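Student: Take a look at the letters that make up each chain.
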Amino acid sequence: MSILSFPRINFSGVFDTNPCTCNNDDVEPEVVQRDSDTFGAQLSGMTDDQIMDYVRESVRMSYNAPPPTQPTFPFIKAGWNLYGDYTTTFDNATVTSIVTGPGAAITSPQVDPLVGQAVALLGSVSSDPLRRGDAMLCDLDPTGLVTTQLWIGGFQFGAAPYEQSAASPPMSPPQFNADTRGFQNWLNFFSTLGPYGGEQNFIGIGCVMQFAIPASAIPDQVFFPSPALQSFLNQARNAAGIVVRFRLWEVEPQITGANLEAAFAQGQALENPALGYLVGTIGIWENGEPQSETAGRKLTTPFSRQQTYYTDPQGNKVTWQGSATPWTPGPPALIGNAVALVQPTVISLDLVNSFPKYGFRNPSGPQQPDSQGFNAPKNKANFGAVELAVIPATGGNPVTIAPIDYGLTNYANYENFGGIVDLPYDSTLAPTIATGTLIVQGSSGSLNGGIPLLQESTIRVVTDDRATYWYPNSTNTIGLKVYDRGGPTTADTVIYLYEYFNVIQQLTSVPDTVRPNQTVQQDTRGLLKVPAQITIPAGQGFTDWFPVQVSCVQSGATILAFQTDSRQFGQGNTNNITGVPCWSYATYSSVRVYTNDDFSGLPQPLQWQDVYNNVLRFYYVIYPAMSLFIPLNLEDSVVGKAPLIQQRLNTPSQPGFWTTYNMPVTRTMSPAKVQLLLTFLAQQSQAAAKGT
Amino acid sequence: MRIPLFITIGMVALLAACTGTAPESTATQAPAKPAAAPQIALSSTPPSDLPANGSQADAVTYAWQQFVALNWPALAGSRGVPDTSKTIGQPGDVVWHTWKTPDEIFYPNGQAPPPWNQYGGQLPPQCTSIGAKPTNFVLQRTTKVPGNINNQAIETAKEAVGGTLTDQHANLARYEVRLNQTIFNAIVTMQYYTVQAQDNASEISFSPGVMEVKASWRQMTSADPPSVTSRYFTQTAWIYTPPFGTNPATCVMGTVGLVGLHITQKTTTLPQWTWATFEQIDNVPPGAAGYTGGFSFNNPSCPASNCPPNQSTEKNGVPTGVPTQVARIVPIGSAAAAANPTWQQALAKAVAGSVFQYYQLIDIQWPQTPSRFPVGNPTPLLLANTTMETYVAESSCINCHFTARTQSNKLSSDYTFMLAEAQPSSATSKPRVK
Numbered sequence: 000m001s002i003l004s005f006p007r008i009n010f011s012g013v014f015d016t017n018p019c020t021c022n023n024d025d026v027e028p029e030v031v032q033r034d035s036d037t038f039g040a041q042l043s044g045m046t047d048d049q050i051m052d053y054v055r056e057s058v059r060m061s062y063n064a065p066p067p068t069q070p071t072f073p074f075i076k077a078g079w080n081l082y083g084d085y086t087t088t089f090d091n092a093t094v095t096s097i098v099t100g101p102g103a104a105i106t107s108p109q110v111d112p113l114v115g116q117a118v119a120l121l122g123s124v125s126s127d128p129l130r131r132g133d134a135m136l137c138d139l140d141p142t143g144l145v146t147t148q149l150w151i152g153g154f155q156f157g158a159a160p161y162e163q164s165a166a167s168p169p170m171s172p173p174q175f176n177a178d179t180r181g182f183q184n185w186l187n188f189f190s191t192l193g194p195y196g197g198e199q200n201f202i203g204i205g206c207v208m209q210f211a212i213p214a215s216a217i218p219d220q221v222f223f224p225s226p227a228l229q230s231f232l233n234q235a236r237n238a239a240g241i242v243v244r245f246r247l248w249e250v251e252p253q254i255t256g257a258n259l260e261a262a263f264a265q266g267q268a269l270e271n272p273a274l275g276y277l278v279g280t281i282g283i284w285e286n287g288e289p290q291s292e293t294a295g296r297k298l299t300t301p302f303s304r305q306q307t308y309y310t311d312p313q314g315n316k317v318t319w320q321g322s323a324t325p326w327t328p329g330p331p332a333l334i335g336n337a338v339a340l341v342q343p344t345v346i347s348l349d350l351v352n353s354f355p356k357y358g359f360r361n362p363s364g365p366q367q368p369d370s371q372g373f374n375a376p377k378n379k380a381n382f383g384a385v386e387l388a389v390i391p392a393t394g395g396n397p398v399t400i401a402p403i404d405y406g407l408t409n410y411a412n413y414e415n416f417g418g419i420v421d422l423p424y425d426s427t428l429a430p431t432i433a434t435g436t437l438i439v440q441g442s443s444g445s446l447n448g449g450i451p452l453l454q455e456s457t458i459r460v461v462t463d464d465r466a467t468y469w470y471p472n473s474t475n476t477i478g479l480k481v482y483d484r485g486g487p488t489t490a491d492t493v494i495y496l497y498e499y500f501n502v503i504q505q506l507t508s509v510p511d512t513v514r515p516n517q518t519v520q521q522d523t524r525g526l527l528k529v530p531a532q533i534t535i536p537a538g539q540g541f542t543d544w545f546p547v548q549v550s551c552v553q554s555g556a557t558i559l560a561f562q563t564d565s566r567q568f569g570q571g572n573t574n575n576i577t578g579v580p581c582w583s584y585a586t587y588s589s590v591r592v593y594t595n596d597d598f599s600g601l602p603q604p605l606q607w608q609d610v611y612n613n614v615l616r617f618y619y620v621i622y623p624a625m626s627l628f629i630p631l632n633l634e635d636s637v638v639g640k641a642p643l644i645q646q647r648l649n650t651p652s653q654p655g656f657w658t659t660y661n662m663p664v665t666r667t668m669s670p671a672k673v674q675l676l677l678t679f680l681a682q683q684s685q686a687a688a689k690g691t
Numbered sequence: 000m001r002i003p004l005f006i007t008i009g010m011v012a013l014l015a016a017c018t019g020t021a022p023e024s025t026a027t028q029a030p031a032k033p034a035a036a037p038q039i040a041l042s043s044t045p046p047s048d049l050p051a052n053g054s055q056a057d058a059v060t061y062a063w064q065q066f067v068a069l070n071w072p073a074l075a076g077s078r079g080v081p082d083t084s085k086t087i088g089q090p091g092d093v094v095w096h097t098w099k100t101p102d103e104i105f106y107p108n109g110q111a112p113p114p115w116n117q118y119g120g121q122l123p124p125q126c127t128s129i130g131a132k133p134t135n136f137v138l139q140r141t142t143k144v145p146g147n148i149n150n151q152a153i154e155t156a157k158e159a160v161g162g163t164l165t166d167q168h169a170n171l172a173r174y175e176v177r178l179n180q181t182i183f184n185a186i187v188t189m190q191y192y193t194v195q196a197q198d199n200a201s202e203i204s205f206s207p208g209v210m211e212v213k214a215s216w217r218q219m220t221s222a223d224p225p226s227v228t229s230r231y232f233t234q235t236a237w238i239y240t241p242p243f244g245t246n247p248a249t250c251v252m253g254t255v256g257l258v259g260l261h262i263t264q265k266t267t268t269l270p271q272w273t274w275a276t277f278e279q280i281d282n283v284p285p286g287a288a289g290y291t292g293g294f295s296f297n298n299p300s301c302p303a304s305n306c307p308p309n310q311s312t313e314k315n316g317v318p319t320g321v322p323t324q325v326a327r328i329v330p331i332g333s334a335a336a337a338a339n340p341t342w343q344q345a346l347a348k349a350v351a352g353s354v355f356q357y358y359q360l361i362d363i364q365w366p367q368t369p370s371r372f373p374v375g376n377p378t379p380l381l382l383a384n385t386t387m388e389t390y391v392a393e394s395s396c397i398n399c400h401f402t403a404r405t406q407s408n409k410l411s412s413d414y415t416f417m418l419a420e421a422q423p424s425s426a427t428s429k430p431r432v433k
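Residue numbers (numbering that gives the first Met the number 0), protein chains in the order written: chain A, 0 to 691; chain B, 0 to 433.
Same shape as in the complex, but just chain A:
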């Protein structure tokens, strides 16, 4: 089943992403209005030049408390990457192993030449060979933390076309092309532990993403001399296709705020992509499995959060204490989510996102003297000996299944094998495992002896409708699946539907010198009309998606969560703030309902100034990378590039919307604005043809 079954192809490398951050409201709230992605209150009344100057200014802010309690750092108001173009790549990512069965791994290119081959993300295929671009990382709601998505056009093994290494075969690299997306799963704030002196505040954040390539996209013949790959593809062709699951963490922009400030002051423009670690696995996408999440039995942070311990390299013991319930804000989970697949002789456990690394590669932040950047030694934080166990359905003490090697003694055991461990188990335990609750706990006598670090959520709800773009006043369907210990449910499942939304929390108790806090809050605006709860009958929602009808009442961006506990996140908290940690394990769809703009009152024929002010101006000043291709403030350049714009400007009902070429990348332009611009371009084209 998915990446946990066999064969699986593991890879590791660097995750490289270049999103534009001007619409994040990271530094200054209300630069952008979240729901419409238009100018926020901060920019009201400003001219283009004034806005461009404003977003390039720097401010000095601290985290959590004002100076002198906390030091200040320079931040650009537009965030850490004003000139980002959203392109996202795997850099120097190579196949590290091919696991063909329990204990059977190929790690040498002499045994199979797929090992060591590059793994590359691709943009969408185009009929124009030179137009193929990159995958694009763009949140549905960039002002928040939980709606990140990656627009993908495929992936390939082997060097990119522009680079022909001596090692690659003299033929096209095996490519698997499909327009698809990956979504942020299991946001993990403790991916890396230890002191961090950098000011970008990315610290320990990481997440998992997964995307799928349908079997129909696998070429009938792939010319590559790898028996393992050929065998893998034969299986994938007879299944639903291929899934690619990867984890990114310790992602860090390369240019400090101070250097960006200096560059902008000199009139220079700098892209500032963020780079992080990448570990991934390519597996068979089985029929009936979700695309966007790894299928299997899900283990999350246990909610009777006992103290958990780890030691730093000096042997100092660090204590972590979580909150007791999922609906109160609290520190994020220390150990990230995991997924288990019980196979005939092993339990395959996906720990790619679970156990933290200890020590940042640039402990003082980017561009500081460091321990050699990505070449720095990598170590797992020491949680002591841990094991997989099962709590019997009849109750009682957990029963040990097998010890877990999470890469503590040899980091390569984690990095080279996709973070997945295959744990042999005693076959006599099979009935207990089938009906019990899996846990990861400290082994007896160890640092966390008897302490549960992860516990199975036996009922698991999944949706692939992770980010949706809906027309005003439309009615749509979200599909849900529900599992009991990875299999069909044997009892009805009640699911509670709640709306939440991203907020920028500028605490009134602290001055403006403290950086705003991004968080999530219960959304009482009622953007959507949904049932308060639904019941999925026993056995349904396993092979087929269970439909939930959702009507759009108002425009805006919201998060629709599907919870098995009736208590809302944030319940009882001030302003019903949920905090962000619960979104590490929640099941939710991010929803954007487009604004219902009405331009029927504009004078005819359409005038450039009206089109510029209503459509293009926002994108010109907020996303400068777009205007490097087509200056959006110049009528002649926009009109002159009409064919290019017309190809790339789409609404969700058009296939082009789902490619990596769609303009704008943010997909925040309402259908009415799209239509206004297209109408203007057609009008100008007709006028030019008539010579008027």
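No wet-lab data here; the hints were simulated from the structure. For clarity, every value in this text was computed on a predicted model and none was experimentally measured. The beta-carbon is built from N, C-alpha and C at its ideal position, and this holds for glycine as well. Be aware that one or more of the hints could be misleading.
Unchecked claim - Quick list of in silico lysine-lysine cross-link-like pairs, DSSO-like style, CA-CA up to 27 Å:
| # | chain 1 | residue 1 | chain 2 | residue 2 |
| --- | --- | --- | --- | --- |
| 1 | B | 314 | A | 689 |
| 2 | B | 132 | B | 213 |
| 3 | A | 377 | A | 316 |
| 4 | A | 689 | B | 409 |
| 5 | B | 348 | B | 85 |
| 6 | B | 409 | B | 213 |
Unchecked claim - So these bits of chain A aren't anywhere near chain B, every CB distance computed over 10 Å:
| # | residue |
| --- | --- |
| 7 | 195 |
| 8 | 222 |
| 9 | 626 |
| 10 | 628 |
| 11 | 630 |
Since chain A is already given, all that's left is putting chain B on it; use the hints.
Tutor: Chain B alone, transformed into the frame defined by chain A:
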């Protein structure tokens, strides 16, 4: 993996420690003794590529090497061939200025162009009526992008980047494009001078070694004394002005001075091409030390309220004669600024009074990570020539040229806008309007 930009900054600081002083004017002051500078070998052979894992400083060296080789005196009787018996700065036409112009390649109805060494082109009747011949230098463009191309890839009325540019003497700046023999041969071989051949192609991809230059010129007038004109590479030209508003087209003979030069090349390792741009040093502030001759495109005495910077002074698409107040928005690159004095001194030393010592590299944009689709991480991100990207506050050569397409818009045209100038062969097509 992406190369962190801080490494480039560090190397620039190292290079800056090795440079000498800027060149003095030819006025009455005794020239200051230049500081010792690294040895520069002036060569008529242009570089073919950047070094592997090159830095911005390497790219700057490559750009200057291009400038020197392309401005080498041209061998008489040949096109695109340097006269190796001479050195750069000696009188005469220069190599790039003997390359083909687009109208010598893209003829009406897609007819085949004449061979490389033969001059041709479609001259405006206003110029031929006063004696202009194909072998003469005829300047036909008043905008960076031609306004007379009947296709969708290039706008029909105004340039892509804002319109005409008027200098401090109320004259329009003039533009031309030249293509080297490598790209000419490719166009002829593939018949890309026809729209049909372009449409039949599955991909347009030129081989390494193709080069284009784009030049901007200003008219030398009686208001420019020898102390000014001696700072320009000048040529005698037939200067064509297209009709504007109710004003008819005109053509006059005159002297023009080079004010801007884009040099672009596709190399083996850099499929997104390299993009260097040079300017004459008196275009806009800051001025050369000690020079009092004024700027070509800026009046420092005019306040912003009267002379808003980088705003077109056209009215309803018609030049008014009001000078455009031009200011440099994107600064000269630090590596270029550090290297310029060294190259200028070398040029001054090669030929006393060489006009080419009065030119400076603004910067060179190149794809630092060519494999990063599709534009290869252009570095620096922004690059602008004040005479050719006057009205675009922030522009990128590579990003803009990436949008270049064939005449029918079917395919990307490999970073050159030239293919869009092919003229359809249909008899019912609209003729080019001068």
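Student: Hint by hint, say whether it matches the structure.
Tutor: How the hints compare with the structure:
1. 314(B) to 689(A): 23 Å, holds
2. 132(B) to 213(B): 22 Å, holds
3. 377(A) to 316(A): 19 Å, holds
4. 689(A) to 409(B): Status holds; Cα separation ~23 Å.
5. 348(B) to 85(B): 14 Å, holds
6. 409(B) to 213(B): Given pair residue 409(B), residue 213(B) holds - Cα atoms ~25 Å apart, limit 27 Å.
7. 195: 18 Å, holds
8. 222: Fine: 20 Å to the nearest Cβ keeps residue 222(A) off the interface.
9. 626: With a cut-off of 10 Å, residue 626(A) comes too close to chain B, as the shortest Cβ separation is near 7 Å.
10. 628: 5 Å, violated
11. 630: 5 Å, violated
Checked against the numbered hints given earlier, this structure breaks hints 9, 10, 11; the rest are met.
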